[in-house]
Structures are given as structure tokens and as C-alpha cells.
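Just so you know, the protein sequences line up as chains Y and B, in that order.
At position 302 of the first sequence (counting the first as 1) the number is 302 in our numbering, and the numbers step up by one without a gap.
At position 26 of the second sequence (counting the first as 1) the number is 26 in our numbering, and the numbers step up by one without a gap.
Among the hints, a few may not be true.
Reference listing, derived: stretches of chain Y covered by chain B, where coverage requires no fewer than 3 residues with Cβ under 8 Å from a Cβ of chain B [said to hold, decoys possible]:
1) 61-69
2) 77-83
3) 88-94
4) 329-337
Honestly, the hints are just simulated from the structure, not real lab data.
Keep in mind that this is a model prediction, so the values were computed, not measured.
Virtual Cβ for every residue (Gly too), placed ideally from N, Cα, C.
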Amino acid sequence: MTQAKYLFNSLPLYILFFATLFFVSCTDDSEVVPNDNATENTIGSFSSGIFVVNEGNFGAADGSISFIDSEGIVQNDVFSENNALLPLGDVVQSMYLRDTLAFILVNNSNKVEVVDVDEMKLLHTISGVSLPRYMITEGDYGYISEWVSFTDPGRISILDLKTYEVLDTVAVGFGAEALAIRDNKLYVSNNFGSTLSVMDLSTREIIQTITVGPSPAAMIIDQNDHLWVVCSGGYNEDYSTANNGSLVQLDTNDEVVQEIALGMNVSGKMVANADLSILYFYSGTTVYSYSIGDETYDTFIENTSAISFYGIGIAPDGDMYIGDSKGFLSLGSVYVYDEMGREKDEFQVGRGPNGFVFKPE
Amino acid sequence: MKVVVFWMVFLCPFFLRAQSDTVLMRPIEIMGFGMVPYATGDVVREIHTLDHIKTLDASLFSQAGIYMKNYGHQQLATIAFRGTSAAHTNVLWHGIPVNSPTLGSTDFSQWHAWLIDDVAIQPGNQGALYGTGSIGGTVFIDHFNKIRTNGAAIGLGLGSFGYNFQGGRAEYKKDHLQGTTHIYREAINNDFSYPLKGTDLIQTQQNAAALSYGFRQELQHFWQNQRLSIDLLLFYQHRESQPIITRNYGQDFIKTHNIKSVVEHFIDLDKGSLSTTLGWVNDQMIYNQNPEIRSQQVTLTQRYEYEIGDRFHLNSGFLINLLAAKGSNFEKINPQKQLDFFAILKYKINTHWNSTLGLRESFIVDAGSKLLPSLGVEGVWMLPKGTLVSYAKIAKGFRYPTLNDLFWLPGGNPSLKPEQSASADIGVKVRYRKFNTQVNVYQTWAKDWILWLPQTGNIWRPENIQNVGISGIEYTLGYQYSLNETELESQAVLNFQRSINKSAYPNQAALGSQLPYVPYFTAIWSNTFHIKKWSIGLDQSYTSRRYTTLDQSDTYAVDPYFLLDIATDYQLNLGKVTTQISFKIKNIFNNYYENIQNRAMPGINFQLQIITKL
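Working from the sequences, and respecting the hints, build out all of it.
This is the structure in C-alpha cells:
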């Protein structure tokens, strides 16, 4: 075969090969460039309604915020949708509302996102926190509980609400969880142990450690100004549940004056009705009620079709909102019950709904 | 746009006129029985990995019917066949099941091709003679049916993000002894940059470095009609756990020590053979500072192959498998004892048709047994300038719960049942002149799939709760053209698969939805153009959208992506020394993509590979 014939016969190969290069090089622009314009606020404002905190699947960074407006219309993923598809992060633990600002605590992303709550626009990111859990404010300061790690004591970071700078940190017990303020004192439940830490807000020092029950979590100050903490209960050596959850009451002198044994392990979430006379907590897919002053508790809601209750809230109108994580296998559900425990409505929200923030008009 | 371009270039080869004066086929699939001695029937695709300086996940990436899940760059990589999951894949090394007893799956990023001669894959649950989990398919890693020569090779690799590789191997043969020794070190800083979604930030990946060492020693002794073979694999890896994009830092790491060893005795008998294999696998894993999790496995198998007359071939035997795990989340559990019997009878019906009847019975102590029949037929016709093969198979399959499923504290459920499946598969394969094409259509019905579900007290517990219907089609088209010292090889692989949840769990929307991380469509088109000592490769792949929730939520879907890699190779011959120099540019369009939600993968990157053989 002559050289010329060889080249001629090979021509289709060259054409094919270089045509391939040419065609594929003419594909769309790189997908990597973020496009703010494409995702500019398409949702609208969030002046009144219910924010649902969707924790997301651990390790997937798919936590989100859903919004249910007064018409019952659900808008999911409102943070990302209004911030150029910025992922909110991994394990969105809680959201705290103060005036026009919302502080969204993203546990496994070690950050707190500060947003304009009416537009859900990101204003500031507070980094330097370590496994943040919950937040509360008093005056010009915010207080953020942080686990820090699973092997180090938890801490409280004190936040300047004007500059968003962390001014100081105060070590508390392991697994710093829920927060409550009473009489210029900050109460911190140490979820990995059995104690509450009490911090003087003036001196920012821990002034007392109170033993309550295993795995203390949510706290409520009732109509008598007594503080209630729900203790989830512990585990036996073989990791089975110890079934020793409890409700513990502290009087105004910080003395433990009552302990209601629950005979089971319960969630660390707890809410109260509007006049702070009834506490609600849950285990599995059953909500229990405890009327303050009683010796025992009652079954309030049983939902046999739910998979797993994961969050609870009570709206200003008295309706109870319960999040069902669906085992993080699908979108979560929110069930709405009236004050008598009758189911009123159901919404589909983001993955792993673990809490609610009610924003009245 | 990219899809259109993909199809345009895909169709190009059909418009080229085939040249008839030269035929040089390099089949990548091998039909027939016994190519992999631990499988039967069906199409087994064999991939020669020896000159790959990459891990097995990368070597297998372009195979039909496979979807690789990479949990970041150079991180955990699992395989899924035909719309199933990693746990539904049976992985056999020299015929020994090597899926992690605790997790039930294999991390293919911890199997380096440098240590391995060959890998074969067999989609579908009909193939493996024994073992659990082959609902989706089976991966066969190495076997002893090789003849060694005397030679040695050195491999060096350099690449982006601090990648470097050094490896050496030698094989030797003298009189009645042969063997091979392989060793390597691979490291990467993995500090690639990527754009953070929703921002203008370019982020540099943190905490994703990895360092691995591997060693392999194989020895075989032949005498009379017998062979005694041993193979030993040692592996160590320290790998940082690549964090998600919204938490771009961390200190998490995993340290892995693996020892795998196998001894096989083979006797060539009149009209048959008998082989006995004993394997021991020891896996240790330490996550951060937590106590180590250690699993061990001892396996004994025996296979007897026998020709009965001119038409029958019998392959029968048994497997005994003992599995144990230790760790703070396991009680002192007794070893799990599995026993499998199998008998596969092949019948040659006539010059065109073969049939295969298989019967497996798998026992597990305290958990009952499973009888697994299979039936296959295969027809082969010689065409004037090619061959046509058609085949059809039906089979039942199963997967035992893993040790984690059964005994993990808290939540392990000792009363779990095995997952079950039934499948049907039909296909045709044609080689004609310079073309080869293959179409497989399959359907699998699966029930009692295991999901971990939340219970009271923040404890999760696995349950047999999910039923799944899987169907799909795999299409492969290959084309090869050569003329003098010029050659073009082109292969396109298209997969369409539906893996549908048949259970209304955890909500009604889940019923009828595609399972998480099963792309409906994947396409790969590979071209290699050889001219004298040079070759240029062009690999394109497209992976469609993947959902991450059981109700197929768009909110949590992972975007589709398209990748283009270009490679050039040059072979330098100096006397008896051959050096192959390869330079590859990956992800040439610098596309940001995610294989797993919110785990960044690198943009454009480079790799230089030099292998010198004596």
C-alpha cells in the first residue's frame, strides 16, 4: 500500500477523531459558575407563618428550612432558594428568631447563619462555633450552646448581637444542649450527662451544677416560674434503653422539688401550651401530656401511621405541630393537631423536620 | 446540549465505511463456561488490570450495568450492578467471598489494580456458584489459572493534588515453581479546588489525603497432575474522610489493615478436576480514636468438575464460611456459620445450543436455608464474518443480613430474614466484521430488602421491609478499525435502569419511585486511536440525575454530569526494555460534579504514568 493510499484510507479515522474533539469542545459552558441571577428570590417574603427546621440526613449536607404560610402553602428549601442555591449545611439543628433576624444553627457544619427573616437573605455567617445546638438571647447578647466534640466538655459561646462576634466562651458539661433564662441566670442542660449548668449572666461564670436525670434536654419555665427539664433516659451496657426518662422540676431556688418517672426513654424535645400549664413530650410516635401539679402523665396523641416523631412545636393559636422524620428515607411530614389532639392537617416538608419557629404577623 | 453532542459523536462511527482488508479484534468480553472457575454460564466480562495505575473502582467504571458510588475523590467507592446496591454484589477473590462481613460490601478504592492480574464481572444473580449477595451481580478478582513468565515492571505515577505512586512487580517461573510479587505505595494530598455552590468562593478541599501501601505474594508449585497455590495480600491505608462541601475541614480519618490469604490445591483428574481452597481474611478498621472494629473470615471451598460423556459437564461442591466480628458495638457473638452446596449441570443440546441447570442450597446456622435454582440456555451461531450468541436465564438469589444488621449494638436484629430475589435475563451478542454489539434486557423481583428504621429511644433497627422491582436494558456497541499501524477502537455503553420501590414506605410517594442513587441512564463512550507507538484516548461519560430519597424528591436530587477525559500514550522500546508513558487529562471541561450529594469531585486534573517492563 502506498503512503498516499494509506493516508487516504486513514482519513476517516482522523476525521472521526478530531470531529469528536471538536464537537465535545463545543458543549455548554462549564457548570461550575454560580449564577446568582438564576436563583434570585423566587419565593417571596416570609413575614408571617411557620418555619420548619429540617435537619437533613447526617453527612449529606442537605439540611433545609421549609416555610408554611398562613394559607397552608409549603415552600421548601427557602434558605437555598433565596441564596443562590447555597447549601444550608449538615444537620440543621435549630433556628432562633429575634426581631427581623433568624439565627440558623447548623450543627455538623459548625456555623450559624444569620438571615433577614423576611426575605431569607443571608447576612452573615458565624463560624468558630463547634457543633452548635441551640441559641437564646438576652439584651445585646446571644448565647449558643455547643457540644464542641463527643469527648470534650460542651461550652456556651457569648455572641455580640451587633457585630456577630463571639466575645467569650464558657465551659459547661458534656453535650451542652438546651438553654433557658430565668432571673438573670442561664440554664444549660448537659445532654451527655445528668446535670444542668447554671451561669450567672452578669459575671458569665458557672455558679451551680444541678443533678437532674440522665440525658437532660429541653427546658420550660412554667406559669409558676418553675423550671422543668425533660430527661431522655439512659442506656444499659448492652445499649438497650434504660427506660428511666423523667420530668424534673426545679423551684425558683434551683432546688429539685419533683421528679416524674416516665418509665421509658423519651425524646429530648418538650413544649408547653400557651399558659404554660401543660407540658408535652413524646416517644416514638406517641405524644404525652403532663399537667403541672399532677403525679403522672397521659397519652395525648397516638399516630400509628407515622414512622418516627422528630420535632414538636405549639403555635400561638394552640395547634400542635409534629415533625415525622420518616427515618430520613424520604421527605419529612408535619402533622397538625388541635388543642384536643385531633389531627387537622399534614404537610410535606424537607428531610428530617426537627423543630418549628412560629412567626406571627 | 451535551447530550446531543454525545449522540452525534456516538453515531459517527456508523458513517465510516469499514475496511475489509484487515481485521484485528481485541475482545474485551469472553464468552463461555469456566473462564472464571467460580462462576457458571452467562457472559463474563474480563478486564485485564495489570497495567492500570489506579484503583479498581476506576478500572471498572466503564463497564455496562455498573454504577460506581464514590464518596469523594479517592474515597470510599462501592459498586452497584443493575439498579441494586453495593450489598447486593458478591465479590470473590480466588473464589473466596471478600465482602466485609460487617458491612456486606467492598470498598473498591482499597483494591489497587497494581496488585491484581484480572477482574471479571458478571451482571445478574445467576453466576456465582456460592456466597451471598449476588442479587445484582458478581465481581471475580483473580484466579490461579495463569502461566507466569520471567519478567519485572516498575510503575511510577504523578498527578494533580500531590498524587504519587511507586510500584514494582516481578513474576518468575522455574521448573515446577512460579509466582509473582507486587508492591506499591500510593499517596495523594487531595487538596483540589472547587467552586462552592451558591457562592463566588473557590474552596480548597481539606482533610481528604490518603496514603496506601499494598503487597502481594503469589506462589504456585506444580507436580504431576497437581498444583498447590498460595496468594497473600497485605493492605494498609490511612485515609482522611473527605468532608462535605459545607464543612470544609475536619480531622476524621479511617485506618485500615487488611490481610487476605488463600491456599488452593488443584488436581487434574481424568475427565475432570478437583480443587480445594482455604481462605482467611482479616480486616481491621479504626475510625478516629474509636476502638477498632475487626472482622475475620475463614472459608473452605471444594469444587469438583467432571465431564460426563460428550454432552454433560458437572460442576459441584460446597463452601463453608465462618464469619466473626469484634468491636465495642458487638457483643461476644458466635461466628456466623454458612454452608453452601451447589451442583451445576451443563448439557450440550446440539452444535448450537447449551443449557445450564443449577441448584444451590445455602444454610446458615440458626437462620434456615435457601434453595436457589437457576436455568440458562445459550445458542451460538457462526456467521460468515462473525458470530451470534443469544442467551436467556432465570434464577433465584438471596442476601444474608450482615453482621451489623444482625448484631450491631444498639439495634441489631437477629431475627432478620435473608433478602430474596428472582430474576430473568435475556440477551443477544453479535460480532460482525469490525462491529460487535450486545443487548441485555433484565428484570428482577426482590423482596424483604433490609432498611434501618428509627425506633423509640433514638435507636435504629433493621427490618425486612422493602420490595423492589428492577428492570433495565444494557446496550454495548464496539467498533474496531485498523490499517497498517493505525487502529481505532471505539466502544459505547448505554444503560437504562429502573429500580422501583414497590413498598409504600415510608410514605405513599415512595411507592413507584426510583431507589436512591440509581441513575435512570448512564452512557460511556470510549475511543482509542493508535498510530505506531502512539495512542490517543478519548473517554466520555454521562450520568443522569440521581435521587437520594425514597420518594424521588427533586429537592434532594444530585445533578447529572458529563465528563471527558483525554489520554495519550507512547511506547518506547529499548532492547528488551519497554516503557509505556501515559499522560491523561481528566474532566477536561473542568465541570463541577458530585457523585454523592455534596461531596466535591475535582475539576480538571492530570496524571502521568510510566511503566517500565523488563
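**Request:** Quick one: which hint numbers does this structure break? Sort them smallest to largest.
**Result:** The structure conflicts with no hint, since it agrees with every one listed earlier.
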